[in-house]
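If you want the building blocks of each chain, they are given just below.
Number of protein chains: 2
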Amino acid sequence: MVFSLPSLWYIAPASAFLSLVLALIFFSKLTQCSEGTEKMAEIAGYVKEGAIAYLKRQYKAVGIVFAIIFTILFILSRMGLQGGLVPFLFLSGGLWSAVSGYLGMKTATNASARTAAACQSSLNEGLQVAFRGGAIMGLMVVGFGLLDISIWFFGLNFIYDNNLFNIAMPILRDLDISTWSSAVATNDLFHRFKLVDISNILLTYAMGASVMALFARVGGGIFTKAADVGADLVGKVEQNIPEDDPRNPATIADNVGDNVGDVAGMGADLFESYCGSILATTALGASLALSYQELSLYYVIGPMVVAGFGILFSILGIFLIRTKEGATQQQLLHSLLIGTSVSSLLIIACVGYLAYIGILTPGLFVCVTIGLLVGILIGQVTERYTSDTFKPTQLIAETAKEGPATAILSGISTGMKSTAFPVIAIVVGIMIAFKYAGGMLDVSFGIYGISFAAVGMLSTLGIQLATDAFGPIADNAGGNAEMSGLPKQVRERTDALDSLGNTTAATGKGFAIGSAALTALALMAAYLDSVKVWLVKLSSDGLLMVNGTYFNAQNFSVDVSGITAVHDPKTLSTAQLVDVFNVTVINPNFLCGIFIGAMVAFLFCSMTISAVGAAAAEMVNEVRRQFREFKGILDGSEKPDYAECVRISTDGALRSMIVPSFLAILTPIAVGLFLSIPGVLGLLTGALTCGFCLAITLNNAGGSWDNAKKYIEAGNLGGKGSDAHKAAVIGDTVGDPFKDTAGPSLNILIKLMTIVSIVFVGVVIQFG
Amino acid sequence: MVFSLPSLWYIAPASAFLSLVLALIFFSKLTQCSEGTEKMAEIAGYVKEGAIAYLKRQYKAVGIVFAIIFTILFILSRMGLQGGLVPFLFLSGGLWSAVSGYLGMKTATNASARTAAACQSSLNEGLQVAFRGGAIMGLMVVGFGLLDISIWFFGLNFIYDNNLFNIAMPILRDLDISTWSSAVATNDLFHRFKLVDISNILLTYAMGASVMALFARVGGGIFTKAADVGADLVGKVEQNIPEDDPRNPATIADNVGDNVGDVAGMGADLFESYCGSILATTALGASLALSYQELSLYYVIGPMVVAGFGILFSILGIFLIRTKEGATQQQLLHSLLIGTSVSSLLIIACVGYLAYIGILTPGLFVCVTIGLLVGILIGQVTERYTSDTFKPTQLIAETAKEGPATAILSGISTGMKSTAFPVIAIVVGIMIAFKYAGGMLDVSFGIYGISFAAVGMLSTLGIQLATDAFGPIADNAGGNAEMSGLPKQVRERTDALDSLGNTTAATGKGFAIGSAALTALALMAAYLDSVKVWLVKLSSDGLLMVNGTYFNAQNFSVDVSGITAVHDPKTLSTAQLVDVFNVTVINPNFLCGIFIGAMVAFLFCSMTISAVGAAAAEMVNEVRRQFREFKGILDGSEKPDYAECVRISTDGALRSMIVPSFLAILTPIAVGLFLSIPGVLGLLTGALTCGFCLAITLNNAGGSWDNAKKYIEAGNLGGKGSDAHKAAVIGDTVGDPFKDTAGPSLNILIKLMTIVSIVFVGVVIQFG
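Just so you know, the protein sequences line up as chains G and F, in that order. Residue numbering for the first sequence follows the working numbering, beginning at 1 and increasing consecutively. Residue numbering for the second sequence follows the working numbering, beginning at 1 and increasing consecutively.
Don't read these hints as lab results, they were simulated from the structure. In this text, all values refer to a predicted model and were calculated from it rather than measured experimentally. You may find that some hints are simply not true.
For chains that are exact copies, the list does not tell them apart, and a pair is met inside one copy or across any two.
[What the hints assert, rightly or not] With a straight-line cut-off of 25 angstroms between C-alpha atoms, the simulated PhoX-like cross-links for lysine-lysine are:
| hint | residue 1 | residue 2 |
| --- | --- | --- |
| 1 | Lys-639 | Lys-726 |
| 2 | Lys-236 | Lys-726 |
| 3 | Lys-29 | Lys-710 |
| 4 | Lys-710 | Lys-39 |
| 5 | Lys-720 | Lys-29 |
| 6 | Lys-710 | Lys-60 |
| 7 | Lys-324 | Lys-631 |
| 8 | Lys-639 | Lys-391 |
| 9 | Lys-726 | Lys-401 |
| 10 | Lys-39 | Lys-391 |
| 11 | Lys-720 | Lys-391 |
| 12 | Lys-236 | Lys-401 |
| 13 | Lys-488 | Lys-56 |
| 14 | Lys-631 | Lys-710 |
| 15 | Lys-106 | Lys-488 |
| 16 | Lys-720 | Lys-435 |
| 17 | Lys-631 | Lys-106 |
| 18 | Lys-324 | Lys-720 |
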């Protein structure tokens with residue numbers, strides 16, 4: 001009997017496809033809107049050109065890295081240390097992440113001038129255009145992500161079921177294909193075994209997405225902040241010209257940066273979290289379904305089903321976001337909140353119903369709910385610490401009166417303090433998800449529940465990302481309005497949208513780090529399952545330990561007796577290997593791994609921060625040079641050389657993204673080879689926990705300095721030009737790389753290191 | 001047969017006693033030196049008065065905390081949840097730490113004017129006086145520490161051997177004293193069992209020292225930086241008067257701060273590391289000696305013996321530090337290095353000999369050596385990242401040319417980068433110590449080896465602390481010279497000494513954090529042993545698990561059958577309890593604990609940094625008020641109100657040290673009650689690893705800003721008054737609470753949380 005996927009599974013590819021269709025419709029509607037005056041189109045053109053030029057060069061550089069990793073994976077798969085399709089899955093993950101990023105950014109750059117133009121009519125029309133631009137991004141990320149996963153999942157099942165093993169080269173049983181095929185027709189166990197293999201192979205897709213995300217986040221983060229710092233330090237501080245002034249040579253680079261950093265970077269980040277959480281949960285579910293053969297196979301496909309429904313409800317939510325003409329900003333925010341809340345409530349209700357009719361367990365209903373709650377909570381805390389309507393940011397503005405040093409100190413102190421509630425939220429979420437998913441019975445159920453909570457948190461990503469990507473579009477629209485010399489009223493409207501975007505961006509950032517933490521946890525658990533799979537493959541006896549007892553692979557009508565001779569694996573049995581890799585707390589490799597993991601988080605931040613510093617210094621010199629050499633720029637008689645500034649940011653980003661990226665990719669392998677599996681587990685634990693706190697500190701310190709500055713600029717504490725303002729500007733400049741480069745890049749670091757560990761576990765066991 | 005301590009053990013109390021005698025001699029020699037002019041004595045008097053007034057108030061506040069904890073421990077001991085002598089050991093640890101701190105500070109304040117006076121004759125005489133002052137501090141810390149431990153160890157053995165159980169109320173066997181006494185005469189095993197009990201009780205001594213250290217570090221750190229920031233921001237920046245100018249109202253407070261922060265704080269910190277590492281190793285050794293009954297009891301007393309020899313060689317090293325008349329600074333440094341190196345080499349040789357004649361194992365020789373090496377290496381890295389003779393600090397000075405924001409960014413980036421080598425050093429040290437101590441055979445041997453490495457690192461603390469405490473004395477001597485209006489040449493000499501002190505201080509700080517990490521690791525392992533002890537006590541069957549098999553306590557001729565009835569303990573057997581507390585990596589309590597541990601490190605820093613900010617703001621206002629209201633201060637016709645500034649720093653320190661201290665004390669207990677033993681283990685792991693990296697980042701960022709400023713002040717990059725200098729001053733101000741409050745306090749946090757976990761493990765098991 002060929003395993004047939006239950007019909008409910010098709011909700012995943014179907015809604016993903018629908019999502020992409022809708023994105024296309026939105027995009028064609030968007031392009032029908034007017035781009036406004038010729039000047040506006042021209043400026044938007046510069047930004048679009050710069051952004052696309054940057055992305056092309058980035059993809060070229062990343063392409064080389066992908067080619068190298070592909071080659072390594074290919075060789076490994078030939079050596080039997082990786083499944084045969086693994087290199088292609090890796091490419092695929094990177095490719096579709098890049099496509100989403102590219103199209104999302106193209107949309108965003110197209111939307112900005114149109115938003116500014118729509119703002120000429122009314123605030124509401126501006127909102128509609130900007131939000132639609134964001135929605136396209138959201139729909140594409142979830143659409144491409146879930147569709148690819150579904151296609152691969154379906155395809156791999158088809159390949160295995162139809163005995164096309166010379167194509168697939170599965171990890172577990174590549175040596176005795178004949179026996180597999182005889183098992184195909186008879187054994188439910190075979191399907192469970194097969195799903196373990198497939199889901200393990202699929203995790204490489206997440207690695208592709210993760211590597212792409214790292215380059216997008218780090219490169220984009222360096223690009224945007226080098227331009228921002230450069231534009232501010234010379235333009236605003238030295239020459240006293242306003243933000244986004246067309247006379248500032250770095251202003252186009254600054255606007256390009258918003259797109260490559262906040263749109264493409266954030267999109268790739270969440271694309272990776274989205275795919276990673278679904279794939280990790282699938283792998284954990286497959287392992288469970290093999291251990292407990294009475295379990296429904298919905299343990300394996302459940303995450304995809306929930307994600308599918310999540311897309312449907314996200315689409316519904318997006319259509320709900322409509323405002324009456326002349327709505328106040330409060331009403332706008334309210335309208336956005338209705339969209340996201342309805343989506344969230346519907347997915348909770350839906351999972352509740354699936355649990356009620358017995359497709360999912362009631363425990364998983366709790367997990368999805370808690371996942372969504374934790375995401376919302378972390379977002380709320382982020383806002384409370386970074387918005388200038390609350391005490392912490394106002395206090396930073398207060399201390400700015402005493403000078404820059406005290407402003408810096410209070411910002412860092414606020415950032416550090418803001419780690420408390422998110423950690424408590426994550427901890428309580430983990431404990432509840434673990435308990436209700438059945439962790440007391442068997443730890444694996446609990447871990448599966450935690451992983452499912454991540455899927456729940458990200459199930460409504462479609463609409464979450466829409467409200468998030470809308471921010472930079474509004475920001476760019478403001479830039480466009482300023483540079484095109486539109487009336488003050490238009491700039492006020494775009495500013496209102498920008499400010500609305502800042503609120504949703506704060507929530508979005510909390511969401512990104514929260515989901516990264518849960519996804520990394522899920523991936524860590526999947527890593528342990530991967531270790532098991534590879535222990536079976538590389539041990540001398542090919543025994544599988546399930547639930548504490550050992551199964552001979554022959555139990556599954558599969559003969560593995562030939563492995564020893566062909567693969568020259570370890571001479572240890574599975575039992576001995578398990579013992580070697582046994583991890584308790586006082587295992588020194590594990591402890592050392594944690595030390596290294598914490599250190600890598602700090603070192604990685606150091607690299608990204610200093611990269612911004614270096615690129616910004618170059619930018620400052622260039623902008624100063626242009627003002628000095630072309631006297632006509634300041635009075636508007638000469639046009640500054642925008643392209644040169646874009647080039648500096650591009651070069652800085654491309655040059656500096658290599659080393660931190662290799663740090664993230666090579667550390668888990670090196671630690672694996674020196675400190676073995678326990679060391680890797682420590683590394684991942686240390687990087688996750690320390691990186692989480694560090695990321696929140698950097699994000700929130702940066703966010704609160706930014707808003708403290710805006711609070712003073714709004715006329716408080718002496719307003720613009722006061723000493724307090726100068727101190728706040730210094731705080732803001734320090735915060736720029738904190739919140740837009742180092743902090744968000746940490747999200748990826750903690751996920752990528754885990755996924756690299758999974759993909760290279762065979763190498764570590766063989767050579768470690 | 002009453003257990004008699006081997007004669008070699010007496011080296012510990014003997015050399016500790018010798019050390020104290022020598023300190024007394026040095027002190028009387030010091031007081032014979034001239035205090036210089038009347039003005040100098042007067043100023044030294046102000047500082048001494050302020051420092052002692054502060055310490056008195058601090059001890060009063062801390063006294064209340066000690067009274068509360070004493071009462072709690074007393075009640076617990078009555079409930080059978082703690083040994084009977086435990087509350088007194090706690091008091092004792094705090095008391096002697098306080099005495100060392102008080103006397104050390106009294107010495108330092110006495111030495112400063114005398115150093116300035118001696119500098120009138122020659123640089124060399126100044127060095128002798130300052131170094132002698134530091135030596136007194138070093139000798140007292142190790143002398144009091146080791147002497148107390150020896151006395152308690154001897155006394156407890158005496159009490160147990162002589163059946164005085166109604167005094168001692170041991171943890172393990174308080175219910176059947178009669179059986180104990182019958183065992184006394186017959187059983188070597190009884191001694192081993194007894195030593196487990198004694199060494200567990202003794203760990204409470206370290207808790208007393210640790211609580212005192214926390215208050216000294218946090219309070220002292222807040223005091224000194226509030227004064228420093230206040231003095232600098234108004235005096236140097238606003239009024240343009242030099243450092244240590246007597247017209248600055250905060251200058252006395254600043255000098256007092258150096259004493260209470262750098263001398264008393266650092267002393268209490270290292271007192272705690274010293275005692276903690278010895279006691280933890282003793283406890284681990286006792287546990288090993290029970291598990292492997294063929295092991296020599298030197299496993300238990302070995303750490304004390306090594307510490308005893310360490311003191312002897314430190315004394316020898318101190319006497320070696322002599323310089324020829326007219327020595328250059330390089331020669332002075334060389335002379336200090338000879339002292340420390342000879343001590344280190346001698347202790348290595350000595351342990352080698354002890355291993356050769358079979359008293360210690362060869363593996364422990366490796367451990368001591370590696371411990372010393374790691375300490376030296378971390379110190380070297382610290383210097384490389386913070387001294388202005390190396391690239392990193394010079395680069396920070398370079399970036400200061402672009403403004404304060406880039407200076408801050410490059411400093412933070414440098415601090416983060418500087419975590420790499422210390423972590424690698426610790427990791428390599430752990431792995432080597434683990435391996436050579438026999439960790440492959442039994443993990444417990446490996447952990448014991450790591451712990452012994454900490455003892456090795458701290459064995460020459462006497463001379464290390466001498467070279468360290470010498471810095472603040474020289475710093476204060478400079479202040480005294482400035483305020484007394486001594487000739488420029490004298491100030492130059494004190495500056496030379498100060499700069500020498502800065503080098504040794506950098507090494508000392510690396511030493512402090514390195515030893516804290518290893519000590520915390522040792523204590524964590526001791527915690528696991530404590531858990532075992534309490535499992536025996538509180539389980540229904542009173543079985544002891546040794547080496548994986550269970551022993552009935554009757555094996556040791558001790559009857560524990562009565563425990564159940566009296567103590568109402570759990571109804572679980574030891575086996576069940578061990579299972580409940582079994583900790584693997586995917587245990588969610590453990591993971592959540594790590595998250596909380598990392599967060600607590602950040603939260604703790606946030607609290608201490610903002611405390612400095614608050615107190616400094618008050619100080620700034622007060623200094624401004626004095627300059628405003630008393631016009632005569634600036635022209636020297638009026639004397640500023642020094643006492644008021646001292647009062648503000650004192651109040652700020654006392655007010656703000658309470659909350660972070662309670663965070664450190666209560667978190668392990670709360671986590672234990674909610675997340676049980678695995679949660680606590682996670683907490684300690686997370687706080688240790690993340691706290692270690694955070695502490696190094698803060699220490700080194702602060703240190704490098706400080707020296708970048710000095711580098712510019714030395715005439716580089718535009719010198720004093722340039723824009724680069726202004727930016728560097730802002731960096732330095734940000735760095736002040738980083739390097740002197742938050743960073744060093746983290747040392748204590750990671751140790752204190754571990755020791756609190758040990759002392760309250762009974763409570764956690766009973767009520768958790």
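Hints, verified against the model:
no. : hint                 : in the structure
1   : Lys-639 with Lys-726 : neither (29 angstroms within a copy, 35 angstroms between copies)
2   : Lys-236 with Lys-726 : both (11 angstroms within a copy, 20 angstroms between copies)
3   : Lys-29 with Lys-710  : neither (34 angstroms within a copy, 62 angstroms between copies)
4   : Lys-710 with Lys-39  : neither (28 angstroms within a copy, 52 angstroms between copies)
5   : Lys-720 with Lys-29  : neither (40 angstroms within a copy, 62 angstroms between copies)
6   : Lys-710 with Lys-60  : neither (38 angstroms within a copy, 45 angstroms between copies)
7   : Lys-324 with Lys-631 : neither (48 angstroms within a copy, 64 angstroms between copies)
8   : Lys-639 with Lys-391 : neither (43 angstroms within a copy, 40 angstroms between copies)
9   : Lys-726 with Lys-401 : both (9 angstroms within a copy, 17 angstroms between copies)
10  : Lys-39 with Lys-391  : neither (42 angstroms within a copy, 48 angstroms between copies)
11  : Lys-720 with Lys-391 : within (20 angstroms within a copy, 38 angstroms between copies)
12  : Lys-236 with Lys-401 : both (20 angstroms within a copy, 18 angstroms between copies)
13  : Lys-488 with Lys-56  : neither (35 angstroms within a copy, 64 angstroms between copies)
14  : Lys-631 with Lys-710 : neither (31 angstroms within a copy, 38 angstroms between copies)
15  : Lys-106 with Lys-488 : neither (27 angstroms within a copy, 68 angstroms between copies)
16  : Lys-720 with Lys-435 : neither (53 angstroms within a copy, 62 angstroms between copies)
17  : Lys-631 with Lys-106 : neither (34 angstroms within a copy, 66 angstroms between copies)
18  : Lys-324 with Lys-720 : neither (35 angstroms within a copy, 61 angstroms between copies)
The structure fails to meet hints 1, 3, 4, 5, 6, 7, 8, 10, 13, 14, 15, 16, 17 and 18 from the earlier list, while all remaining hints are met.
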